[in-house]
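Listed in order, the protein sequences are those of chains D and S.
Residue 332 in full-length UniProt numbering sits at position 332 of the first sequence; the count goes up by one each step and never skips.
Residue 424 in full-length UniProt numbering sits at position 424 of the second sequence; the count goes up by one each step and never skips.
Just so you know, the hints here were simulated from the structure itself, not pulled from any lab data.
All figures in this text were calculated on a predicted structure; none of them were measured in a lab.
Some clues are possibly wrong.
As the list claims (entries may be wrong) - Not close to chain S: a few residues of chain D, all C-beta gaps over 12 Å, as computed:
#	residue
1	K125
2	F273
3	E305
4	S326
5	T344
6	D465
7	D478
8	A502
9	K518
10	M522
11	K530
12	Y544
To be verified - To give an idea of the interface, some chain D residues facing chain S are shown, with a C-beta separation under 7 Å as derived from the structure:
#	residue
13	V70
14	R71
15	I174
16	L260
Positions of the beta carbon are idealized from the N, C-alpha and C atoms, including for glycine.
There are 2 protein chains.
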Amino acid sequence: MHSIGSTAIRRMATRATRMSTAFTFTKNVTQQHLPLRLGLTQPLFNSARLYATDKEKVVAYTVDKFPGYVRNENFKELTENDVTYFKSIVGENGLVYGNEDDLFAFNTDWMNKFRGKSQLVLKPKTTQQVSDILKYCNEQKLAVVPQGGNTGLVGGSVPVFDEVVLNLQGMNKIRGFDSVSGILTADAGCVLEVLDNWLAEKGYMMPLDLGAKGSCHIGGNIATNAGGLRLLRYGSLHGTVLGLEVVLPDGTILDNMSTLRKDNTGYDLKQLFIGSEGTIGVITGVSILTPHRSKAVNVALLGLESFEDVQKAFKQSRIELSEILSAFEFWDINALHMFKKHATPKEVMQSEYPFYVLIETSGSNKDHDDEKLTTYLENMMEEGVAQDGVVAQDESQIKNLWSLREGFTEALGKEPAVYKYDISMPVPKIYECVEDMRQHLKDGGVFGQEDSPVTDVVAYGHVGDGNLHLNIAAKRLDKKTSSLIEPYLFEWVSKHQGSISAEHGLGVAKNEFLGYSKSPVMIQLMKSMKNILDPNGILNPYKYLPSS
Amino acid sequence: MHSIGSTAIRRMATRATRMSTAFTFTKNVTQQHLPLRLGLTQPLFNSARLYATDKEKVVAYTVDKFPGYVRNENFKELTENDVTYFKSIVGENGLVYGNEDDLFAFNTDWMNKFRGKSQLVLKPKTTQQVSDILKYCNEQKLAVVPQGGNTGLVGGSVPVFDEVVLNLQGMNKIRGFDSVSGILTADAGCVLEVLDNWLAEKGYMMPLDLGAKGSCHIGGNIATNAGGLRLLRYGSLHGTVLGLEVVLPDGTILDNMSTLRKDNTGYDLKQLFIGSEGTIGVITGVSILTPHRSKAVNVALLGLESFEDVQKAFKQSRIELSEILSAFEFWDINALHMFKKHATPKEVMQSEYPFYVLIETSGSNKDHDDEKLTTYLENMMEEGVAQDGVVAQDESQIKNLWSLREGFTEALGKEPAVYKYDISMPVPKIYECVEDMRQHLKDGGVFGQEDSPVTDVVAYGHVGDGNLHLNIAAKRLDKKTSSLIEPYLFEWVSKHQGSISAEHGLGVAKNEFLGYSKSPVMIQLMKSMKNILDPNGILNPYKYLPSS
Chain D
1 MHSIGSTAIR
11 RMATRATRMS
21 TAFTFTKNVT
31 QQHLPLRLGL
41 TQPLFNSARL
51 YATDKEKVVA
61 YTVDKFPGYV
71 RNENFKELTE
81 NDVTYFKSIV
91 GENGLVYGNE
101 DDLFAFNTDW
111 MNKFRGKSQL
121 VLKPKTTQQV
131 SDILKYCNEQ
141 KLAVVPQGGN
151 TGLVGGSVPV
161 FDEVVLNLQG
171 MNKIRGFDSV
181 SGILTADAGC
191 VLEVLDNWLA
201 EKGYMMPLDL
211 GAKGSCHIGG
221 NIATNAGGLR
231 LLRYGSLHGT
241 VLGLEVVLPD
251 GTILDNMSTL
261 RKDNTGYDLK
271 QLFIGSEGTI
281 GVITGVSILT
291 PHRSKAVNVA
301 LLGLESFEDV
311 QKAFKQSRIE
321 LSEILSAFEF
331 WDINALHMFK
341 KHATPKEVMQ
351 SEYPFYVLIE
361 TSGSNKDHDD
371 EKLTTYLENM
381 MEEGVAQDGV
391 VAQDESQIKN
401 LWSLREGFTE
411 ALGKEPAVYK
421 YDISMPVPKI
431 YECVEDMRQH
441 LKDGGVFGQE
451 DSPVTDVVAY
461 GHVGDGNLHL
471 NIAAKRLDKK
481 TSSLIEPYLF
491 EWVSKHQGSI
501 SAEHGLGVAK
511 NEFLGYSKSP
521 VMIQLMKSMK
531 NILDPNGILN
541 PYKYLPSS
Chain S
1 MHSIGSTAIR
11 RMATRATRMS
21 TAFTFTKNVT
31 QQHLPLRLGL
41 TQPLFNSARL
51 YATDKEKVVA
61 YTVDKFPGYV
71 RNENFKELTE
81 NDVTYFKSIV
91 GENGLVYGNE
101 DDLFAFNTDW
111 MNKFRGKSQL
121 VLKPKTTQQV
131 SDILKYCNEQ
141 KLAVVPQGGN
151 TGLVGGSVPV
161 FDEVVLNLQG
171 MNKIRGFDSV
181 SGILTADAGC
191 VLEVLDNWLA
201 EKGYMMPLDL
211 GAKGSCHIGG
221 NIATNAGGLR
231 LLRYGSLHGT
241 VLGLEVVLPD
251 GTILDNMSTL
261 RKDNTGYDLK
271 QLFIGSEGTI
281 GVITGVSILT
291 PHRSKAVNVA
301 LLGLESFEDV
311 QKAFKQSRIE
321 LSEILSAFEF
331 WDINALHMFK
341 KHATPKEVMQ
351 SEYPFYVLIE
361 TSGSNKDHDD
371 EKLTTYLENM
381 MEEGVAQDGV
391 VAQDESQIKN
401 LWSLREGFTE
411 ALGKEPAVYK
421 YDISMPVPKI
431 YECVEDMRQH
441 LKDGGVFGQE
451 DSPVTDVVAY
461 GHVGDGNLHL
471 NIAAKRLDKK
481 TSSLIEPYLF
491 EWVSKHQGSI
501 SAEHGLGVAK
511 NEFLGYSKSP
521 VMIQLMKSMK
531 NILDPNGILN
541 PYKYLPSS
């Protein structure tokens, strides 16, 4: 059925050379939606501010869109005296106050899904300023939302009511770098891509990568335990973050900026703040282990018939590509069609396939890596696991293949409505979950007919991490569809020992569903931790932990 | 000065073939001291039990050897009624009670440095039994020492007074393995080497390795955040441990046995137990990410003139060996001489050098790895960074080179007395610390003369992790030497932002010195954590955190 051995590879190489240098998005895709890997390096909310006046008319407040929130009356309402006091800390230019247009970008998430009503944004420049601010807020019982690049997907970084926004963009200095060990120390407000580019000049790289790299802050990455595209290779932030400087809600500065790979002196408290979404402390400084930048990077795209084949390809890649494997991403044909609906890519393969896999290798020797990848791809073709494949021939083609993978979020953003889920589970269950959901929605009468509200169920994600991004596109949000999806999906995930939030976090979108992934004992212990560290509950209220 | 290029490498290969198949230890080195990597796969305390009667006459009790400990009078003393109750949980065969000979191995650490006075050892077989035991102990205020393989170096796993020993050796079942993702779940009492051998048959390996692998338990490894020889490549347990089952002091079972690579649902509480040395909970189950076993392993030994060259060799290895580098260990000539004093190895190199480096590579393609290593070694010889080198030609020679590195602990154990330190600091500072200590001891009049109490200062460790094992060999322990070393060394480490315990932990040996590595704020927060989780303080008392 397939040509094998070197013939197959020649076919792939030929195919690759036919790739366009860029997928062209249709005109109605506006810049502010672009995943920043594609080249938009300005902080996202700066560009958001440009169109603030238009948007504020249309973006609903979180409390109106998702009824049920009640402002905690223990929190004080902001006064002019408070603002005067904050000016004494950060100066006139260190805050945004009262102007709705200026405040919009800080009150609203980048998807325009969540919107708060804060009247004050503070932009401290030093850890001491953060400490002074929090000490005052704690004493005065002013609620606070820590905010980094504001690129989150679960509404964690914008206020729900009138919380003061504590934005870290002013803390953006690199503090130091040890070129022997590759350990970087930096302010929490440094933009991920800025750090990565800075390290590139020294032959190093950040151990994490994600679409929002051009806007997101390293502090926010750590506060949300960002996963992204390099986790398969370089592991989680719980392993690569060596130290943190954190300001506790009472203003105490917790200095744990260790630059040591090994340090067994007491409970590893910094771990609590990794993934705590700003609810127990504000991360102000970061020490992180960075790997050497790979001299050789290859990217291949495979077309496959089944998710079983995807798994076979993954398992074999871990054996044959082993130490050079740096990404193994998949998507289904629905995702590809969604992409094509909103963009006009030139075709990469002649035929379409039910599944696609993007494989990236990173290594120190181009010849060795090419040989390993070629052998692997030949084996996959020969064994009938892959039906077709292309290998990028240069940096531009590599970017193009990646932009396909990263374009789904953007394409989905063009749909009238999307129910977005980010779940993890044992790899063999991933696509069973998708197929089950399609059938469930059909059975429920909201999918499969021309007049059905649901138009598509699209799946893509990080196979290597067991992480599925499940997106249900719809003509509109409606209660029947919502009630068919939730809690059905969470129950499904829970039944298969999965997580209802693999990498996006809890925020306001998922906190009430935590019980599907964590036991009552675990949740109770989490609440104890919150109470010890933030007894007044001023940090990022209404989020993360369930209210009851 | 040196032959270069392929000539140099031929020299190395020739040299390697002259290596003996084993270093022969002199007869007075007894088996119980042998690092278990060398083939002793029985649990250590079983062999210790064979000579219990002799030893108990000579091993001093911790409270006699290190005066100052006062038994906490809040703890109840064990009664016959308690023993009867425990029998109802674990059965007659699930405990050791009253017999000093039988109790000796559980009361004494493997170095015979610490010895407690427990009258009862409990060996539960299930998590529920652990829960029942702790619930009772907490209610009755019976102090408890959790114990794994009892291979620690800081006295953390043996009692100080009459604490009940809770030994996990009976919980040794593998619970499951996902061969797609490489995620292993197991009881905490599984021996590390047993797990590694089991995984070998499936093409996987444990992500950590250490000398005590034949005795130590995976639960103990995690409770002490063991580092060891593979950390450079596979990272810390904070990254590879995916889930834990932990029994809290009140008997609550915390089920967090996640088998997911990504799970952002709440505070990552399991992290608190990694490295907590049994002070806030007893780890009963483990979920861990295991890497594919490498098809190709190479080991090379280099002789170098200076620690500056060691650093150059390390930095270049991270660039050229990059993704296949799996260990980078160093030792000084004093370590080699110490080894030779107590063993009779055949010479590996013709000359001696001030420094040695052991480099291990692990990869998926033997030819590629050989080429990378050869090129790297050629470069190191050509640039004069390395003065000589050998490459192991087969599995037996690999073992021999490793046994040299792992023999220092054993050789030092033959000295009349040793002050042992395990510190981490920025790599460039490592050897400065050693030289400074030598001079300091000379200046203090305890080293350098024939009648000096200190006979040698020996250094070896994991360069890749900035981890130095500093050993001061002496004719006897004496107060003048002790007071010259401490707190001088801890102050030195603290001044250079190092850690006073890189991987060994705190136990009873280091807890009072925690202030040299952690701030008062951090220590206070640690104490808060301890108080929430173990309000009666029954778990592993007198250890870990400073008493005042």
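Comparing the hints with the structure gives:
Once the 12 Å rule is applied to beta carbons, K125/D is consistent with being away from chain S; the minimum gap is 23 Å. The claim that F273/D lies off the interface is violated: its Cβ sits roughly 9 Å from the closest Cβ of chain S, which falls inside the 12 Å cut-off. No Cβ of chain S comes within 12 Å of the Cβ of E305/D; the nearest lies about 18 Å off, and the non-interface call holds. Its closest Cβ contact with chain S, about 9 Å, brings S326/D to no more than 12 Å, contrary to its assignment away from the interface.
With a closest Cβ-Cβ approach of about 33 Å to chain S, T344/D is found to remain outside the 12 Å limit, as its non-interface label requires. Here D465/D does not stay apart from chain S, with its beta-carbon only about 4 Å from theirs, under the 12 Å limit. For D478/D, the non-interface assignment is confirmed: its Cβ lies about 27 Å from the closest Cβ of chain S, beyond the 12 Å cut-off. A502/D, annotated as away from the interface, has a beta carbon of chain S within 12 Å; the closest lies near 4 Å.
Chain S draws K518/D into its interface by the beta-carbon criterion, the shortest separation being 6 Å against a cut-off of 12 Å. Once the 12 Å rule is applied to beta carbons, M522/D is inconsistent with being away from chain S; the minimum gap is 6 Å. The Cβ of K530/D does not lie farther than 12 Å from every Cβ of chain S; its closest approach is about 8 Å, which violates its non-interface assignment. Non-interface call for Y544/D relative to chain S: violated, since the shortest CB-CB distance, roughly 7 Å, does not exceed 12 Å.
Checking V70/D against chain S: minimum C-beta separation of about 22 Å lies over 7 Å; hint violated. Evaluation of the R71/D hint against chain S yields a violated restraint, the C-beta minimum of about 24 Å exceeding 7 Å. A cut of 7 Å between beta carbons decides the hint on I174/D: the least distance to chain S is about 17 Å, and the hint is violated. Contact between L260/D and chain S, as hinted, is supported at the beta carbon level, the nearest pair being about 5 Å apart and thus within 7 Å.
Comparing the model with each numbered hint stated earlier shows that hints 2, 4, 6, 8, 9, 10, 11, 12, 13, 14, 15 do not hold.
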